[in-house]
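Which chain is which? The protein sequence lines are E, V, X and F, in order. The opening position of the first sequence corresponds to residue 1 in UniProt numbering, with each subsequent residue numbered one higher. The opening position of the second sequence corresponds to residue 1 in UniProt numbering, with each subsequent residue numbered one higher. The opening position of the third sequence corresponds to residue 1 in UniProt numbering, with each subsequent residue numbered one higher. The opening position of the fourth sequence corresponds to residue 1 in UniProt numbering, with each subsequent residue numbered one higher.
Everything labelled a hint here was simulated from the structure, so no lab data went into it. A portion of the hints provided could be inaccurate.
Stated by the list, open to error - Some chain F residues close to chain V (C-beta under 10 Å, calculated; not the full set):
1) L7
2) S31
3) G32
4) G33
5) H34
6) D98
In this text the structure is predicted, and so the values were computed from the model without any measurement. We put the CB at the ideal spot given by N, CA and C, even for glycine.
Protein chains: 4
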Amino acid sequence: MNLELALRMCEAAVKQAVREGALVSVAVVDSGGHLVAFQRMDDAEISGPALASGKAYTSVAHRMPTADLAPLVAPGGELYGLAGDRYVCFGGGIPLRDSDEDRRVAGAVGVSGGTVAQDVACAEAAAELWDGV
Amino acid sequence: MNLELALRMCEAAVKQAVREGALVSVAVVDSGGHLVAFQRMDDAEISGPALASGKAYTSVAHRMPTADLAPLVAPGGELYGLAGDRYVCFGGGIPLRDSDEDRRVAGAVGVSGGTVAQDVACAEAAAELWDGV
Amino acid sequence: MNLELALRMCEAAVKQAVREGALVSVAVVDSGGHLVAFQRMDDAEISGPALASGKAYTSVAHRMPTADLAPLVAPGGELYGLAGDRYVCFGGGIPLRDSDEDRRVAGAVGVSGGTVAQDVACAEAAAELWDGV
Amino acid sequence: MNLELALRMCEAAVKQAVREGALVSVAVVDSGGHLVAFQRMDDAEISGPALASGKAYTSVAHRMPTADLAPLVAPGGELYGLAGDRYVCFGGGIPLRDSDEDRRVAGAVGVSGGTVAQDVACAEAAAELWDGV
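Turn these sequences into a full structure, and let the hints steer you where they fit.
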């Protein structure tokens with residue numbers, strides 16, 4: 001992960017949010033789950049800094065999109081009880097993997113502020129830039 | 001939001017609580033989610049400071065009554081897992097919006113201590129003062 | 001402690017702040033350190049909810065004015081290291097004691113937003129009401 | 001505060017860091033202390049997200065540059081004990097004020113990662129853009 005690419009990912013997510021008619025926050029983190037870039041659109045919710053960053057962190061920590069974590073943390077799921085302040089376990093976070101065969105998680109993008117479907121669409125727009133590198 | 005109005009909202013909520021036979025705490029926050037006024041009725045629960053303030057904060061952060069968040073954070077809801085120390089996601093918090101066309105969230109009121117129905121009734125009594133400004 | 005008296009103490013502190021030309025937050029807590037009433041003057045700092053409440057809590061927890069704690073938590077003092085997010089150890093918090101011979105701490109007032117001298121003056125104005133009961 | 005200006009402030013701080021030979025993180029927050037934009041330069045410290053954001057938050061919460069807070073929170077200073085996880089009280093945070101006569105704090109910039117002198121220089125480079133609006 002690097003700042004230049006993280007900024008382009010933020011822009012791609014914001015551009016998608018405009019298309020969706022959503023107001024979102026976007027966070028990009030590195031392989032340690034630490035913030036590299038963050039952008040909150042004008043008038044987007046004040047919960048964005050915590051939730052977008054939380055989704056990105058969670059995507060790195062659990063190495064899967066937060067949307068895929070949702071059923072696992074639901075009652076009866078094997079990670080029931082995980083969701084909370086630290087782990088944000090609904091859609092909008094996507095891990096970003098190295099392109100080599102190890103496919104290590106090199107970072108993640110997290111989006112919050114729209115509906116979950118909108119957040120996911122914005123995060124995917126950002127993740128596409130990563131996959132194209 | 002200003003202190004004079006926030007105090008009148010607290011009084012309105014307390015007055016409604018007396019009518020309901022409930023003992024409540026009332027919190028009013030500004031657009032940043034920061035406390036402006038708080039009142040806990042005699043013998044009301046010690047959880048009131050955290051819960052009433054949490055409902056008010058959550059109403060600003062997510063721009064909807066906390067009662068409307070409840071189904072979204074329940075198992076199967078799209079925000080399942082959101083509720084926690086930071087976000088209080090059951091009824092009793094109501095966002096307060098500017099009267100102009102932007103309808104920005106300018107603050108919120110949160111009530112805790114009675115049944116959820118009582119808390120909502122008290123918060124609505126407070127919010128009426130805002131809407132009447 | 002009761003809400004009616006706590007509100008009068010808040011008003012007394014705010015009135016003193018106006019005299020001092022300060023913008024403050026005032027918190028009154030019960031013997032458990034739990035908030036009973038809080039008021040933040042218009043344009044007072046957003047750190048007021050945490051700091052005024054923290055001074056009041058600390059005054060109950062350590063049974064002394066926070067101004068008296070300051071030298072104890074300084075380097076070389078016997079409580080060095082205590083000061084932090086939970087305990088606010090500079091002037092502006094005053095414990096309120098029962099008038100009987102036990103002199104139990106029944107609550108406290110905390111003020112934040114002005115200079116320390118202003119905060120102390122405002123807290124003392126509030127505490128006078130308690131002593132006069 | 002708005003995202004477009006916050007991004008330009010981040011860029012100005014990063015540009016200054018390059019001139020200083022420093023690797024920094026930059027955070028811009030709104031009047032509620034909530035993050036609007038954040039950028040961490042490649043190879044800058046992982047403490048940047050917490051420290052740069054903390055300096056910006058502290059600048060809003062206490063309405064002064066964090067460099068001016070430093071002597072106040074030092075042993076013997078009147079706010080000794082304030083510094084902690086929540087308040088970052090050494091240089092690198094600068095509040096941004098409205099240009100009208102009220103001079104309300106509308107946000108802040110915080111920089112961390114270089115020496116304190118470098119952090120301050122980077123934050124000032126960002127704040128100049130605000131003052132020029």
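Notebook entry, point to check: Close enough to count: is the Cβ of S31 of chain F nearer than 10 Å to one in chain V?
Noted result: 7 Å, holds
Checklist line | Restraint satisfaction for H34 of chain F [CB to CB of chain V, less than 10 Å] | finding: Constraint on H34 of chain F satisfied, holds at 7 Å.
Margin query: So, as I understand it, the hint says L7 of chain F touches chain V; can you test that by seeing if any CB pair is closer than 10 Å?
Written below: 21 Å, violated
Note to self: Would the hint on D98 of chain F be counted as holding, given a Cβ-Cβ threshold of 10 Å to chain V?
What the structure shows: Nearest chain V Cβ about 15 Å off; hint violated.
Check: Against chain V, with CB atoms and a cut of 10 Å, does the hint on G33 of chain F hold up?
Finding: 7 Å, holds
Item checked: Supplied contact hint for G32 of chain F, tested at 10 Å Cβ to chain V -> Constraint on G32 of chain F satisfied, holds at 2 Å.
Of the numbered hints stated above, those contradicted by the structure are hints 1 and 6, listed in ascending order.
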